[in-house]
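Q: The lines below spell out each chain.
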Amino acid sequence: MPPSVPPDREGFEREALVHLDAVFRTALRLSGNPTEAEDLAQETMLKAFRSWHQYRAGTNAKAWLLTILRNTFVNQYRREKRRPATVDVTDIEPFTVFRDVQDADPERTFFDRLVDGDVIRAIDRLPEEFREVLVLSDVEGLTYAEIAAAVGTPVGTVKSRLFRARQILQRDLYDYAVEAGYITRRGAS
Amino acid sequence: MNESEPIDCRAVTHQLYEFLDGELSAAAKARVQAHLADCAHCFELADFETAYLRFLEAHARARGAPAHLRRRILDELLSGPEPPASR
Chain V
1 MPPSVPPDRE GFEREALVHL DAVFRTALRL SGNPTEAEDL AQETMLKAFR SWHQYRAGTN
61 AKAWLLTILR NTFVNQYRRE KRRPATVDVT DIEPFTVFRD VQDADPERTF FDRLVDGDVI
121 RAIDRLPEEF REVLVLSDVE GLTYAEIAAA VGTPVGTVKS RLFRARQILQ RDLYDYAVEA
181 GYITRRGAS
Chain Z
1 MNESEPIDCR AVTHQLYEFL DGELSAAAKA RVQAHLADCA HCFELADFET AYLRFLEAHA
61 RARGAPAHLR RRILDELLSG PEPPASR
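Sequence lines, in order, name chains V and Z.
If you count by my numbering, then the first sequence holds residues 1 to 189, one letter each, in order.
If you count by my numbering, then the second sequence holds residues 1 to 87, one letter each, in order.
In short, the hints are calculated from the structure, not lab data.
There's no promise every hint is true.
[What the hints assert, rightly or not] Simulated coverage check for chain V against chain Z, where a stretch passes if three residues somewhere in it have a Cβ under 8 angstroms from a Cβ of chain Z:
(1) 14–28
(2) 33–43
(3) 98–105
(4) 119–128
(5) 160–169
The structure displayed is predicted, hence computed values, not measured ones.
Heads up, the beta-carbon is just placed ideally off N, CA and C, and yes, glycines get one too.
Construct all of the structure, not just a fragment, from the sequences and the given hints.
A: This is the structure in structure tokens:
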């Protein structure tokens, strides 16, 4: 392998532009608005192209792009200042729905009944600081260290936010499945 | 904590996602594995959470970028100057 990818248009297209789907998806989850997500994705790609010489070959190009995306969103698109949430994972009582599912739906059929749209809508209901780490981890597959770099927080914070995000989402999906009649909560009928 | 000390259900619950994400150190991973081998409840929980994460992976992606966005970006790239070359 050559020591570095020449910072040319072709290299950029091959290594970075292939991640446009991921950039757009993440932009959509962050902004919640398809038109804005397109602008945000385009701006991210053009910024990335201009700083392509700073990209270190062999590192995760997707993580690099999503970091640029997240910074662009925070600096230019986010309307509301968010209050910093401090969550310590050891303070959280796990509220996994595991026990409820064991009782009411041991075959876990609700996982099969829920469709993409249900999951996306539930993700969009998460508070932003939880939504962004969940999307970067569970949709885009970044490591804790890559997420920490993208979001600008210590790895420990990523860990606790991700824990919380997954549990809130799980509970939300479970409640939705009960409401939709996919699961009968024990004792409820 | 002593590296060889066994851990309890509570500790496993708190570390489960890190375990499933492959983010634990080798020693911590071994402790969780040892507990899961012995504890039916935690084993079932780990199985459930694994299914949940797979489910998320399969259903959370939705659609990719629209074709016109790709064209728009390519047009911009072609009209702009080459980025600075490294020496």
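Q: Hints first: check each against the structure and report whether it holds.
A: We went through each hint and held it up to the structure:
1. Note: the region 14–28 of chain V has 7 residues with beta-carbon separation from chain Z under 8 angstroms; the three-residue rule is met and the coverage holds.
2. Given as covered by chain Z, the region 33–43 of chain V passes the check, having 3 residues with a CB less than 8 angstroms from a CB of that chain where 3 are the minimum.
3. Only residues whose C-beta sits within less than 8 angstroms of a C-beta in chain Z count toward coverage, and the region 98–105 of chain V has 3 of them, enough to reach three; the restraint holds.
4. Only residues whose C-beta sits within less than 8 angstroms of a C-beta in chain Z count toward coverage, and the region 119–128 of chain V has 3 of them, enough to reach three; the restraint holds.
5. Restraint check on the region 160–169 of chain V versus chain Z: 4 residues with Cβ-Cβ distances below 8 angstroms, three needed, restraint holds.
In summary, the structure agrees with every hint in the numbered list given earlier.
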